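Visitor: The lines below spell out each chain.
Protein chains: 2
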Amino acid sequence: MIQVIKLADKFDRVTDLWSPKIVGRVDDYDVKIVKVEGEFVRHDHKDEDEFFYVLKGRFDLELDDGTVSLGPGEMAVVPRGVAHKPSATTETWLLVLESSKIKHTGDVMTDKTLARFEEI
Amino acid sequence: MIQVIKLADKFDRVTDLWSPKIVGRVDDYDVKIVKVEGEFVRHDHKDEDEFFYVLKGRFDLELDDGTVSLGPGEMAVVPRGVAHKPSATTETWLLVLESSKIKHTGDVMTDKTLARFEEI
Chain W
3 MIQVIKLADK
13 FDRVTDLWSP
23 KIVGRVDDYD
33 VKIVKVEGEF
43 VRHDHKDEDE
53 FFYVLKGRFD
63 LELDDGTVSL
73 GPGEMAVVPR
83 GVAHKPSATT
93 ETWLLVLESS
103 KIKHTGDVMT
113 DKTLARFEEI
Chain Z
3 MIQVIKLADK
13 FDRVTDLWSP
23 KIVGRVDDYD
33 VKIVKVEGEF
43 VRHDHKDEDE
53 FFYVLKGRFD
63 LELDDGTVSL
73 GPGEMAVVPR
83 GVAHKPSATT
93 ETWLLVLESS
103 KIKHTGDVMT
113 DKTLARFEEI
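Top to bottom, those sequences are chains W and Z. FYI, the numbering for the first sequence is 3 to 122, going by my numbering. FYI, the numbering for the second sequence is 3 to 122, going by my numbering.
Among these hints, one or two may not hold up.
Simulated crosslink set (PhoX-like; lysine-lysine; CA at most 25 angstroms straight-line) [as the list claims (entries may be wrong)]:
no.: 1; chain 1: Z; residue 1: Lys-114; chain 2: W; residue 2: Lys-8
no.: 2; chain 1: W; residue 1: Lys-37; chain 2: Z; residue 2: Lys-87
no.: 3; chain 1: W; residue 1: Lys-58; chain 2: Z; residue 2: Lys-114
no.: 4; chain 1: Z; residue 1: Lys-103; chain 2: W; residue 2: Lys-12
no.: 5; chain 1: W; residue 1: Lys-37; chain 2: Z; residue 2: Lys-58
no.: 6; chain 1: W; residue 1: Lys-23; chain 2: Z; residue 2: Lys-114
no.: 7; chain 1: Z; residue 1: Lys-8; chain 2: W; residue 2: Lys-12
no.: 8; chain 1: Z; residue 1: Lys-58; chain 2: W; residue 2: Lys-58
Hints listed in this document are in silico derivations from the structure and should not be mistaken for laboratory results. Please read these numbers as outputs of a predicted model, since none were measured by experiment.
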C-alpha cells in the first residue's frame, strides 16, 4: 500500500535547522522538508533547478538582482546557476523538490554543509 | 528576478477539473496544480513516479490493494507501474510533481485525457 505522509508529523521530528530531510522520492528526484531560521550561505547549483514551497513562516532569497520573499502558500523555482542566499527571520517550514544528485550548498563548503541527506 | 507564485491565485484561474496546469519547471520535471472532484479514470504510468500533495479537500486513490485517502497537508508518491483510480467527493486542490514526459492517463485514452498540459 502507498504510504500517506502528513508533513506536519514529519516536521515535528525535525530538530535541526537548514538540514533538509527526504520524505519521498519521485524517480531520481527527492521531496524534502526543511526547517530554516536565520541566515544560510550564499550558493548556487550549477546543474540543478530547485523548487521551494512555503508551508509556514517566510522565506527570503537574496539574489544578484534583488530579494524575493515567499510566504505561506507561495512557491518559487531557483534556476540552475542562480546564486541565492536564503534566510528567514522566523522559523519557516519548506517543501523542497530537487534532483537527488544535488549538493546541499553547491560548490561552497561550510560547517552547515551536509554530505548527504537523511530520510525521515 | 525569480517569480514568486501564490498557488491560491493560480487555482482561482482554474475552471476545469482533472486538468493539470503547469506552474513551474524543475529541470525536466513539471510542478503542476490541478482541481479535482468526482471520479477519474483508472490508469498507471509505466515509467514515472507521481507526487501528490493536498492543499484543500480530500483525495482518494483506489489501488489494487486498497484505497488511500489524503487530506490537507498530506502527500503520497504513486510509484511507476502502480494502477490508481483517483477520486474526490469534494472540490480538491492538488500540487503535483512529475516528469515532463508523463502522459496524463498513461496508456488509457478517455474523453478526459489531455494531449498536453497548459501553463498557467
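Visitor: Could you run down the list of hints and mark each one as holding or not?
Guide: Hint-by-hint comparison with the structure:
As the CA atoms of Lys-114(Z) and Lys-8(W) are separated by approximately 30 angstroms, the hinted pair breaks the 25 angstroms bound. Restraint check for Lys-37(W) and Lys-87(Z): the C-alpha separation of about 34 angstroms exceeds 25 angstroms, so the hint is violated. Restraint check for Lys-58(W) and Lys-114(Z): the C-alpha separation of about 35 angstroms exceeds 25 angstroms, so the hint is violated. Proposed proximity of Lys-103(Z) and Lys-12(W) is contradicted: the alpha carbons are some 30 angstroms apart, above 25 angstroms.
At roughly 23 angstroms between alpha-carbon atoms, Lys-37(W) and Lys-58(Z) fall within 25 angstroms of each other, so this suggested pair holds. Only pairs whose Cα atoms come within 25 angstroms are accepted, and Lys-23(W) paired with Lys-114(Z) is rejected, the gap being roughly 36 angstroms. With a C-alpha separation of about 24 angstroms, the suggested pairing of Lys-8(Z) with Lys-12(W) holds against the 25 angstroms cut-off. Between Lys-58(Z) and Lys-58(W), the direct Cα distance comes to roughly 16 angstroms. Compliance with the 25 angstroms bound is thereby established for this hinted pair.
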